[in-house]
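Join these two chains into a complex; the hints should help.
Here the protein sequences come in this chain order: A and B.
What the first sequence shows, in numbering that gives the first Met the number 0, is residues 0 to 430, in sequence order.
What the second sequence shows, in numbering that gives the first Met the number 0, is residues 0 to 948, in sequence order.
To be clear, the hints were calculated from the coordinates, so they are not data collected in a lab.
Treat the hints with care, since some could be wrong.
What the hints assert, rightly or not - Label-pair restraints from in silico Cβ distances:
no., chain 1, residue 1, chain 2, residue 2, range
1, A, S46, B, P474, 49 to 55 Å
2, A, R265, B, V570, 43 to 49 Å
3, B, E227, A, N158, 56 to 62 Å
4, A, D286, B, V570, 31 to 37 Å
Yeah, the Cβ is synthetic: ideal placement off N, Cα and C, and Gly gets one too.
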Amino acid sequence: MGIFNNRNGSENGYRKPARYSAFDLFRRGLSRADWPRAWRKHDLRPSYDVVVVGGGVHGLATAYYLAANHGITDVAVLEKGYIGSGGSGRNTAIIRSNYLTPEGVRFYDRSVKLYETLSADLNFNAMFAQRGHLTLAHNDGSLRTMRWRAEVNKLEGVNSEVIGPDEIKRLVPYIDTSEDVRYPILGALYHPPGGIIRHDAVVWGYARGADAYGAHIHQNTEVTGIDVVDGRVGGVKTNRGDIATRVVVNCTAGWATLISGMAGVRMPISTFPLQAAVTEPVRPFLDPVIVSGTLHVYVSQTDRGELVFGASVDPFTSYSMRGTLEFTEGLAGHVLELMPSLSRMRVLRQWAGLCDMTPDFSPIMGTTPVAGFLIDVGWGTYGFKAGPVSGETMAELIATGKTPELIAPFGLDRFERGDLMGEKGAAAVGH
Amino acid sequence: MSMRLKPQPGEVIDRGRRFRFTWNGEAYPAYEGDTIVSALAACGERVFSRSFKYHRPRGLLTASFLDPGCMVQVGDEPNVRGAHRRVEPGMVVSPQNVWPSLRFDIKSANGAFGRFLSAGFYYKTFIKPRRLWPAYRSVLRRFSAGGVVSPDSSHGYFDKRYAHPDVVVAGGGPAGMAAAIAAAEAGAQVLLVEEEYELGGHLRWGNEAELAALRELRGEVGSTAGIEVMTNSVVNGRYDGNWVAVLQRNLPHVVERLVKARAKTLVVAPGLIERPYVFEGNDAPGVVLSGAVRRLVNLYAVKPGERAVVLSANESGDAAAEDLERAGVEVARVVDARRGGDVVRANGGGKGVRSVECADGTKIDCDLLVTAVGWTAPTSLLNMAGDRPVYDGRAARFFPSRLTEDVLVTGGLAGDGTLEELLAHARATGRDAAGRATRTGRALRAGIPQHADGQPELAQSPPVEYPKLPVYDHPALFRGKTHGIVDYSEDVTSKDLVAAEKEGYDAIELAKRYTTVTMGSAQGKLETVNAVAIMAEATGSTIEETGTTVWRPPYAPITLGALAGRIFEPVRYSPMQPWHERHGAKPLVAGAWIRPDHYGDPASEVRNVRENVGLIDVTPLGKFDLRGPDVPRLLNHLYVNEWSNLDVGAVRYGVMCLEDGVIFDDGVTGRLGSDRYILTATSSGAASVWEWIDNWLQTAKPGWRIHITPVTTAYASINVAGPKSRDLLLRLAEGVDLSPDAFPYMRVRTGRIASVDGCFMWRIGFTGELSYEIHVPAAYGLHVWEALMERGADLGVKPFGVEAQRILRLEKGHFIVGQDTDGLTGPYGVGLGRMVKLDKDDFAGKPELAWQGERGDYLRLVGLQPHDGSLVPPEASQIIEDKNGVVGRITSSRMSPTLGRSICLGFVAPHLATPGTTLLVQLPDGERIPIRVTQHHAHFDPEGTRQRG
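Excised from the complex, chain B in its bound form (with noise of 0.2 Å):
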């Protein structure tokens, strides 16, 4: 049955292109600028859902984005907003939340129960017996809303863009076009958004002479310089900082977009919400808002029924009347509310109203039930903004309090009036965003403060001159004398608010929370009023007494694509990857580094380096350069040892502790001239170092004269260690006495390697060898690498990766700060404490660590070794002793290619460290073996005679 009317002089479809789409597993036709359920209404469809609890059948109610009945499954896409989106050829549509179809659903006899299905019925049963409540609860979740999404489902092209905008104007009706006219002829940039799919609001399904202002402002907003249109898009928050984010649905080939713009003003225009009426029957397909009437019928050319009541109270009633009559529907009755005229019930099965019951006693057959009760202004934005709007009963809608600097309302959110009071008000506002934004440009760019007390010393232009915008009374309509449903999304009535109000729920939050009612897909934007109303009417106080729920952004569902946008996670690598990889390093992702696990056998990368010498790429090293007099202070800040005396030329280890005393971080810090300095961090710890850093000067140490530099990637860093690190260097550095006296252990120097200048070197053994960590200008990494490579392979020069690292230094007995130290760890426990300075001056840590020195009861590091040394237990692996239980526990362990046998270390409690005790392991199958304290952390040369050779 073709609903579909001759051509209207509003209509946004082109009739020239027909196409068929799927609807339900059927072919159904559609014009180009159809929506979905336009497409399906002029089909003669009438119902597009089923409800979340009862399964009623649902059908139009607003014809808008907000329209509750109208979710749809588009392909793997669920929850589409089927009254808004454009069908495109062919298009597969489901319906949703229906079983087994959306004719006929089983669960539809919840509806025969609802007088037991109360709000919040789930809170009384299902208690007992407690084992049965897992098999109650996956009856209870085939029960919830909502579409499908598959593993499957193709990500989608997203992306993110940044725009700067003098004026955001969120919404393009009449009110916010003549706002951005009037702004950008003020010289302002301006970004008009709007949430449907053209400029133009209630203009569009208007008379002649609203379509002939249409035309003319459609016009001035194309042919006015500065204005950027965003249609089908929307204002989705008001962060601080006036930080508007902006979704754009459907572009071509981006699915949807989130434009963050930074807007200078931000003038609020949305209009007005028409709002439903609650009374019994309110929910049957064709009940339906005055709004969606014009919609239909000015918009896609479709006919709402045949045969209408409508119960109007205000001029979009009336209006929708006069649609209809045009439209060749019978209006059997237009119901004034005006004069007192109301609508008791409307009756109908599952296909839809089939008469409807007036105040009177007079009972109506029709189809087509048309509301309009009045209007909710969508705050939301400006809730975002800090205001809390007020209520005004004799407008019977919310109005704007106390609106910040930076944002401005006009349109329906600030008054009613004819469109010409509307229009002058808005280019008033125009006008107004617009010279404040030149204002806050001008106070941003001479560097004032936004919010400071004191009022910038700048140029004032005269205040704008707004017109008076009159506010009209409006009947307060909100429940009839029936109850019906307020939540068309989560299917509660105003019983279930009564009877919330009832048990105790008796503010508005609490009755949210128990009944669910505004937590649905419109998020209160249609029901959050009603609700107040009822739970006001319930309490015998006012709608101002009761207040409203918090909006909180979105303003509209976005979806995580959008969010997320193109997924930015950066990788670094060093500039010797290339080399890596061609030598088939295996990859190691460790935080924002990708770097060499190890280059295929670990335990000879450990031989190579013990018998010749290897080489490790150690750029991800946290390397900071620190210049200034005060360095030394911030040195002796941040370690727990003593930095005064550090001489040029010397290195020097050192630990962090945060100010709870438990180690943060650790590295070694050379001196390289009079007044410069390089503070290396681990490679984990480099970002948090910095910050750390940065934190005490800019807040508590700010006078210092400290100017530090993040040089990790600017360097890159290659540790040359084992025996024959000497005869390698030696014939690639320049200018570096490499000899053993002249470059002893901790000492750092510059110089030249493989004809690079600019290179530092270090002396230090994390390894246990001999080695060099030779630091140089990141461009030149890759080349010094190969030059290493290629001169050293007659001395067995080999790379060695981070696992073959770990190994070395285990041997070594070297700690890995937050492997073999956790949250309580403080240098005590690393036996560490001798480093400690308490007679420092006040240092990071240090109250803590003198309660720590003073304790004694700290888990002790100790090198433990298996009796077994076959066995390597498991790093986390738990010491146990039976009358305490847990005693300890492994942080590291490995087996050892150097020595032929498992080595770890481990915490133990303090009456169990001294060297020679035998504890118990346990392993993951629950065995339990014995381990052995060993006299020292390190299990090879402990004495560190070939690191200092």
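Excised from the complex, chain A in its bound form (with noise of 0.2 Å):
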């Protein structure tokens, strides 16, 4: 595409990172030798092709495939904070794809695809352990829900599958699978590809991967403005001076309706906070993950051994993230219904991210009436499972200037012609 110059490209090419694997770790312990910095720091240039405003993993992840799917290089990536200081770095790091919709499926299906060639795409081990989630069903509604989501998935070739009490148990000894509780536990959707990763590593990952293409990372940049002329994009203001860009990525999350303001464009998007907590670690007792949507928790184990705990958004709008009692307290029941042995087990720090809520719990990416202000929001409780695919499909289209068929489902316009995405049923405790 014409305005992409990749003057990156032309002056560096592709630096090739240190590489990373167990020869090299014994090489340098051998010779104590340092590993260089996995990214760089550079002054913010007065302009650049794209710019990427959000050091997430969506922003990280679309600067890494413009490189390296499309050779778009001159391409700076704008944190307020450091990288993967929000909704990445605070996320409870679940990965699958059993939506309820195809058009859903489809597209968390390829976002599993890349996470699963992710470490070694980016030579960065970022630790996906597909251990399997559990999506239980506490009443006959949701058990429909899941012979649904069963049925989509196969038909789309993801693997998942409705399984009683007693498979349940077999997979998760910990669990009450008996009927005598407050909410019988009837069956559950499993899904054997899903499971966990080591958040902050992909964020990393792409990071590194982007920096060696020669895209710059730029961290405490926060955006202040847009500038917009004629309806089209004419360059971001930062804390650190101004950039002259005509394409400008919102991949922010919390902030996504104050950066689209700034250029002028609104969005049906509500913040909410959403609340997570940790515990101590134990020794590993359980692989998948587990989800209730009636009991509104989900639960991991970290290789580390912690059980990681979350819930549905709060109940209320706010930027808030300093957490509640109320929410442990509910976390705390509830975990225990399931798996009432735990209850020894401690809580260790608990914290909140902002989710920024759509009405049909489904993202907005693409264009906007703004020419070169392109969307990737709305990502509500979802957004990291779909970094990779967003990522992706958000490079395309900004190299190609085609709106990949992947996300042809999610622009802005839809909420204009009320053409609704279906997820809500399926997302909305959908981890």
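What follows is the structure, encoded as structure tokens:
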């Protein structure tokens, strides 16, 4: 595409980063040589072909695929804090593709596929643990939805099936599948490819990869304004100076409406806090991720042995990330309903992140009425698992000017056409 | 080898009570009052765990709750703080993270590979080949730290308590005690919370004068009215509105209790935490902090070693040296850091320190190295209250910067000084806290918002005069000339941090995430400041510029049991539940309610409704009593159809949409009087409908004159359905003319039923039969139900449950919101487009419904019948078209007892909705069966003659 001059490409080309491998660990261990920076520091240039706002997994993946797939390397990623400091570092790192609509399933399945090869592609071990994903059904209504999802998943070639309490017990011996509990477990949607990943490593891996191709990662760089002239983007203002650019991609979460507002684009998004907590480690006993919509809880055990918990978003809009006592109280009650023998495990830390919710529980991706201003926002509680495919498709959109089929259903204009997505039921507490 | 000393003046052990417990499979003696670790140390044990990554032996460090090397398993309880938890007779304690044993741990070989296992090494390897990654991962998982939980662990008893103190004091050291006394003397109700087992803080291991001061303070606390003391408890979190979480541990018969206190003022007085020193070998057993020595000798009468070197930069180090001398430990050397003295390295293997190398080149043989290099201010609770503490380079620690009106600090967090100076400051803080609490109380009673811009017009008490509290200079000592462990529980070294910085993880938060420094059991209380200092050194910036990581709740780890408490999951039963139980009802969990699914044979229950008369308990139906002149406006706003013209005595069906035009709930609303309406919602939607209505009335329409009362549980509701329902009701209803002309379909009447006043009933037809839904005051529900059963015996009256109702309504083609609708379904899709009145004034979902009406590409709800009437495709089966893939799905399916064949409702794409179209449904086994679109949703009596009869 004509607007991209690939300055970095012509100047530096692909700078192969120091290789990560057991052999190199050993070699550097012997020689005690330092590892080079995983990504470099740069002065802000006066112009870039593409400016990505937001240094989380979406923004960094966009920068990476712009370079890796399309040779567009004159790219700046602007991050107001440190990379991965927003939703990418606050989510519970669950990966899955067992969505409800065929469009959703296809989209997230592509993401799972990218995650499966990510460590090798980026030469950075993100430790994807595909230990399976169980969504519990405590009433016939949710069992029906599980069957619906399983049928759609199977038709899209995604491995999901509805299993009964005995099979659940076999997979998770700690779970109480008896009938004499308040909300007996009737069954579950079992999704073997699902699992968890080291979320920070995904961020760092993409940052290292994008940097190797010449993209500039600017931390502590806050966007304060977006110049729009005659309906088209001309540049961005930051706390470190102004940048001229014809393409700005909003890859933020929590502040997506504010950034879009700078370009004069309004979006149907409300921001809600989502809380999470982690326990002290114990010896590994829990393989799959467990989700219960009825009990508003999801739980997984990291490879370090900690249990990581999350719930549904708080019931009110807020930008606060302080967390509440009510959250941990409710969470603990629900976890113990599922696994009563964990009562002596201790919660070590609680935190919160911000979720940009859209009316139909699906993201908003693609172009806007402002030419050159693109959005990859509205990621609610499902943004992390979509990071790779979002980066890949947004990069394709920027490079080709055509909206890839995978994200065509997620355009901003769907709200003007009343063409909503149907993920509401599956995504409400759908981790 | 006994290391127990002769009785010490401040000791907390009871030498009259000696018992045994088990450690690592062997019996050990202990005195009452010993911690697990003090008892073991008294027997000469020095190693209590193995470290996370290198499996290095770990011993005592702080001898307090935070001690990272003293995490042990007690019975089925993992991660017990062995240096805090008091040992009990017969306790079974075992080490964690050892394999195969504490003394010989094979994984300690990792230590030899330390240079290859740098921070984040796992990000750099195990990448290829990908198929081996699961195997690598399972090996890595074996290195996870921590104890063991078993699937059979007992739940234990936990509970909760609410408290409403004026002042909560966090920390029961001298400052906390003095603040509590002063606050209580000023008239405040005070909750004084101390993390350790006794009040007193550092006075407990002090000299004669300090012990005397302690006795005096304890006496005052005991004799001052209005102070509630909680020991072995911790203020675990400060949330918005000074909502303070206090955790009480190990109470009689209660494992842990969460006390939730709405404090008017919170006084934070936790004292200071002694900071470890980073140098080579700093984690060897025998390298301890001065506070640990002071505790061991003075509280537990345990001799910490035989020959010691003391690195001292403050009074605590000097006092520890004196304690050691008094305890008969040879103090080989006191290295005074204030005069430039330093320690370079501690040498020693698995058994502990053997010698220490000093900066001046001397090497001293010893088995104990005591460090006293400074303090960390535990500002965690202040952070939770929004404070960003600032670093004071002269004192080498952080201080609070801007506190909110309802949070005060005293003690070591506020400054240094003599005991007298600290107590004076604490007393002033206590008086101030009480005064502020009084003002808050007055403001609350006067209904004045707490944080309004304008100050409340209340009499101000004179501001409290605070005595000046000095801040002493302290050498800034974080890392010596060598590298060592920064985070003991995570095995993170200063080298790891330096390496992380070089790799670009140069912000403290990035370094934290990359190396996992401060992510362990102490959550940075021991490690953060050292980590920050080392990062500052590595980046060439200052500690202020580097900043700290964020402290988050809880202050100390809290069990899931304590957070959950008794687990209050309320259950709702209808008043008729005793009758259902007596008659063999199979329970169905339906959200908050448990209700009869069936009484044995749903099919015969269906037939009885079609042939005679049946009763179903529909009490969970959401019911709202609406009054006021603006009720019609509200109904017009909530429902898509027209409500302005609802006559008294009329009932109308309505559909509610959210603002996206998607069906949210449905039900009937009846007008009982000129100014009284009853609105009903589905059983599962009742709670959200209530929130939805209240949200509109409180936010968008506050001016509407409407009073709404949820009366779901105030009425017991019974649907009397079947051709003989009128005959049955004629026997029990009084004051109501039941003749079809006087009480036709979709009308409501009030009257007496079975001698019960205040009932109302309406004629509606979910089952498709002549039916009356009667609502009686809940207290008489069982009576009316029994009366109906008794008086209707000769008419063949039988109960029916939810399952029969679902079949009946499916035969009749009525959809259920949430089952036959989904997150996209609007009224047009379920065939109710004609109900939508777009010419009404604004109503919820109106613009979106206008679009829906124009589009026409929505899925259609249709009646479906498989060609083979013996096959019932499971609900959620997908309807497939070869060229288009999924083109619909079955939403409801049953075998119809009335028609003797399978019947369904389902969604199909618009081009397939024409009656008579044959479609293919995919069954779970992959087989596809033909199914036909029917003329109507209703499979039975589509004209509705039966229900109108």
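Verification of the supplied hints:
{"no.": "1", "hint": "A:S46 to B:P474: 49 to 55 Å", "in the structure": "holds, 50 Å"}
{"no.": "2", "hint": "A:R265 to B:V570: 43 to 49 Å", "in the structure": "holds, 45 Å"}
{"no.": "3", "hint": "B:E227 to A:N158: 56 to 62 Å", "in the structure": "holds, 57 Å"}
{"no.": "4", "hint": "A:D286 to B:V570: 31 to 37 Å", "in the structure": "holds, 32 Å"}
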